[in-house]
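Trainee: Add chains V, D and R to chain W, keeping to what the hints say.
Protein chains in written order, with the working numbering: chain W, 2 to 359; chain V, 2 to 359; chain D, 2 to 359; chain R, 2 to 359.
The set of hints was computed from the structure by calculation and includes no laboratory data.
Copies of the same chain look alike in the list, so a pair counts if it fits in one copy or across any two.
Distance condition first, Cα-Cα at most 16 Å in a straight line; then the derived EDC-like pairs of lysine to aspartate or glutamate: (1) Lys-254 <-> Glu-241; (2) Lys-25 <-> Asp-37; (3) Lys-341 <-> Asp-37; (4) Lys-98 <-> Asp-285; (5) Lys-25 <-> Asp-10.
Protein chains: 4
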Amino acid sequence: MSRPYPPVDYTGYLKVDQLTQLQKPKGEEYGTPVHDEMLFIVIHQVYELWFKQILFELDSVLEIFSRDRIAEQDMLHCSSRLERIIEIQKILVDQVKVLETMTPMDFLEFRDFLVPASGFQSAQFRQIENKLGLINRLTYNNKDYIESLCPMQQPTVRATESEPSLFTLLEKWLERTPLISDGSFDFWKSYKEAVEARQKDSREAIKTAGLDKATESSHLKNLEHMERSFESIFDKNEYEKLQKEGHWRLSRKALSAALIIHLYREEPLLQAPFRLLTQLQNVDENFTQWRHRHAQMAHRMLGAKMGTGGSSGHKYLRAAGERHKVFSDFFNLATFFIPKSHLPEIPQSLKAKIQFRY
Amino acid sequence: MSRPYPPVDYTGYLKVDQLTQLQKPKGEEYGTPVHDEMLFIVIHQVYELWFKQILFELDSVLEIFSRDRIAEQDMLHCSSRLERIIEIQKILVDQVKVLETMTPMDFLEFRDFLVPASGFQSAQFRQIENKLGLINRLTYNNKDYIESLCPMQQPTVRATESEPSLFTLLEKWLERTPLISDGSFDFWKSYKEAVEARQKDSREAIKTAGLDKATESSHLKNLEHMERSFESIFDKNEYEKLQKEGHWRLSRKALSAALIIHLYREEPLLQAPFRLLTQLQNVDENFTQWRHRHAQMAHRMLGAKMGTGGSSGHKYLRAAGERHKVFSDFFNLATFFIPKSHLPEIPQSLKAKIQFRY
Amino acid sequence: MSRPYPPVDYTGYLKVDQLTQLQKPKGEEYGTPVHDEMLFIVIHQVYELWFKQILFELDSVLEIFSRDRIAEQDMLHCSSRLERIIEIQKILVDQVKVLETMTPMDFLEFRDFLVPASGFQSAQFRQIENKLGLINRLTYNNKDYIESLCPMQQPTVRATESEPSLFTLLEKWLERTPLISDGSFDFWKSYKEAVEARQKDSREAIKTAGLDKATESSHLKNLEHMERSFESIFDKNEYEKLQKEGHWRLSRKALSAALIIHLYREEPLLQAPFRLLTQLQNVDENFTQWRHRHAQMAHRMLGAKMGTGGSSGHKYLRAAGERHKVFSDFFNLATFFIPKSHLPEIPQSLKAKIQFRY
Amino acid sequence: MSRPYPPVDYTGYLKVDQLTQLQKPKGEEYGTPVHDEMLFIVIHQVYELWFKQILFELDSVLEIFSRDRIAEQDMLHCSSRLERIIEIQKILVDQVKVLETMTPMDFLEFRDFLVPASGFQSAQFRQIENKLGLINRLTYNNKDYIESLCPMQQPTVRATESEPSLFTLLEKWLERTPLISDGSFDFWKSYKEAVEARQKDSREAIKTAGLDKATESSHLKNLEHMERSFESIFDKNEYEKLQKEGHWRLSRKALSAALIIHLYREEPLLQAPFRLLTQLQNVDENFTQWRHRHAQMAHRMLGAKMGTGGSSGHKYLRAAGERHKVFSDFFNLATFFIPKSHLPEIPQSLKAKIQFRY
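With the rest of the complex left out, here is chain W:
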């Protein structure tokens, strides 16, 4: 200890007294206490505490990425913040099991008390989604998500829609990556050649392998598929067309940087960026899992509407799970990797700058 701060006690520091008085079951208010309502309140409060923490870490990452240049030390900080978010997300997913110790019949005892409250009203979660960069949110019952929020929180959440999101800041950072713009190396040209060389090798190997006609033709067809697939990133116009149709979201420049980071991830300078992209995929995957678990639980608790027109919450959640991925471009990118042995070499001049030895 460097200096004697005023003594602190656990209970006061953590506001345990206030904290444990924030559970106000409606059942008690209405004179018909229901045992399981307490769990319902506590677990949702735990979710909101974790959301607060995720927002806190996310804001720190956003602040770093909003700078013009990011020092290597700060890459470590970003990586630590994201790691923490990822570990918290695992808990968010796992603790659905705690809620599932409540059976649908138990829930029914107090469900009516809560109408029309719903998890869709979590302003903090909506902020997380916006700050990550979610756009084109699936609407539920044709209503703007903002309207379902409590009026006081609508402006705060609305504001996060127009702030630069992690997606946007990351895109800009990728576009700045030195490797693409370095004079000595035209990535797209080299990569196209490498891919074509590989395709050519494959074609010849197939033809001289003595395969029966059907197998040969199937192999060749696959090859053509792959060629056309590659066209979609090699051809700027084709890319932009697919981008307009919603198949890609990142600018082609940013996408090429992401591709380079994956292909040359072992280069010292690229290890931290590679780690970062991987973490963002994890964050995406974890929220997808969370929505999926949530959907399962909603199905279990509420069943499905039979013979009526209404749509079910669990179907919405399941659809949103995939649709609300922010970084799916990074997942789709894997189609365009080629093995290390076929990669174009980085010119020595460039390589020298990005290596060191322990």
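Mentor: Just chains V, D and R now, kept in the frame of chain W:
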């Protein structure tokens, strides 16, 4: 120890020597070893070992359920077997993370060696699905799943299609439940009255609550929806129509038994059956999660086909996740629960038979 | 919905606004904000919320067990409450990983602000321990644990020491188990005969197995050990001696009931009690794991005192892990099981009362 | 695909047929099949498969660390291999729960068949321990662990005792760290000054804080403790004395490198080494957890020997948990960190070499 069995040693008993020699990476065969192929082999072998164990437990449950009468002791056994399957499934889901320590670029180094092998060829997993009662399996690339299996295993797997599945045996067992057929209690009649009484109460409460027009009308509309929804199980014809359309799979008789088990789950005689139904939901949920995690991983490893016609494995897996649920009737059932306070009482004569005290 | 309750919104119901304002980092108060302090506060608040929930469930179980007779329905409730506690405990253990995303150097930045606050001051956790039935708590630095609590909470916690704990209530309930006191069946007598018969069989089998002298003698020695071990429960005086020395805590009568429940766990009447005893072992195991994980984390964060006299928190936690088990009698009991094939049969008259069929 | 490899099928590639025929329950051999023996075999085979994978990754890490210089690319490989080991370990711990679905009474049905086989006979696990660098293994029943192994495996395991372990190679690598030996920076001198400055500040702050006598004296006493503690690393002789007594295992030179890596972990050059040290702590922690969970399970399955002399397996496992940590020096090191604000600055000349910007 009651008698001295011949001494056993760990290594011989577990066949560790043979076991650890079954990993034959193609990379080594082709003279180009790839570090990550070992993990790929080992983790899939672990999956197959667990599948063997799940089949073993499942067969035991099927054997018990194929009897005309099930002793209470055997309900304990079924429940223990299912609990074990559930714990194994959690491991199946969690260990996807181990496979994700392999990056797409690592996978690319040996992916070509394995063509056209695929997880769809796991004969054990197909047997598990069939034994649980999966029907109408989603086809992948318009091909019967059996054809993708290795020819030697096709008859074994095909056979499990026509054996009585857990779904079928469970349906029969539910149909035999004494409570529905007891002379003193007509469940459907009593339940319909209870539901109608509840609806009537609600209608009056809404009308006398002094609500504004819009809110009142919205409440009343919900009520009507619910009424129509209930018709789908109260009306035998309506139920059978929905059943034909694939909304329900269980016979109405079996479904009513499942409903009774949920509604009166606290009755001593019904606690074990309730536990069983809950476990079957867990088994279903866990395989759904597993397929979902698998889909995520496939997306990450293989990307998505862009600008070509082919369908992606990860999309198939994701769709199958929900579609391949076997016991979704039990999930949908929750819509038709009413709170304990409104439940029709079980006649005293019946109740007496099914209670004891500690 | 049966009647229109006043509309509820998510934020108001869960007190999200108040909840997310209870985080008051000392770093900000002192004008030197430290990023990681927020996590430290939030995770401990999450722990306290879960402790509140555990207390809530535990109180419900205690209330049921304080009754003279426990209806079968209530056994289901106890079992559900305990299951919930167990699922919460898993989260308590797993979320230590979230805290471990903070490195010791990060912690050092605000550690001094918090002196002398410590997790030992969690009044809720001490109540949980007392209500479970912890006695002879390991002292930390020779101080009564009550003194470390904040003065306002000391009376509440002290009170839980003298209330009937789950251990005490369970012991009484076990002593009431009908099976032991039933006239037609003297459990101890029958069990002693069964054990002796088994020992005799073993002795003969060993002697006629044609073993070499050394192996035979080793087998016989084991047999004698086991015989002496059994004496410790067959002989009332021996048992009470061991009880005084702290090897057993349960009364011999309660212990014999627990033994019967394990041996005949398949009997319909005993399935629920068996489940209960197993759950109590799980609760114990989970808190032991939690203390152990906590000890690991403390070691990692704070290191160890080198070359000085002080004792380290992590060593205390590790020792407490085992010592603070409440139901270790149930673990130790396994030594005294014999295989099903050797069990004395329950007389038919008794058996008839405790069976039913589905 | 670059060339058409011979087609591969899932079953053949993974040797599924052979794999699923390696389960040979003794119960069947003896004509008395026991349901739970299959799980016992399968789960242990899964453990051995994972051990094989851990050995495979560990060997790769050892190979890299046995080089004179480690390229940055290879630090990424080490880190990936260790991450994989860590993820596998989590599964090893979690799957104990699967084994716990077997009750002690179930185990008793086939326990006698297996005498004297025991998990202590896993040759692969002993190799992992030796390769990590375990020395002074706790003996069980006063027997060298090698003797308990099956004779054919003893030489393989014995050999791993004398090969350079990860501990040894890491120690050498730490000793080579450039930062300690750089001419412009005498780490120990600077650090000692920084610590002393901090202590002096603290002393003054305490004296001028207007504390009551008792509190002041307690604060000062803590300060002295800390001073003496620091002596144990500042003073070479004191360190070596403690090292001989077993309090430290690393050479003081290696320890100082580890200390530097922790203190300046944000420097670009030190981020990867910091990650590595953290991962080694995780590996250690996870095996400790695994032994601890194992101990709990053994206690549950086998109980405790009462009133006899024998020692219990679960007590051995629990003691080994802590004792068999290989990298506990890294845990203990945390005592000697000081906050960032008090750290001696790295000279600019040195700093320039180890930074780059994104």
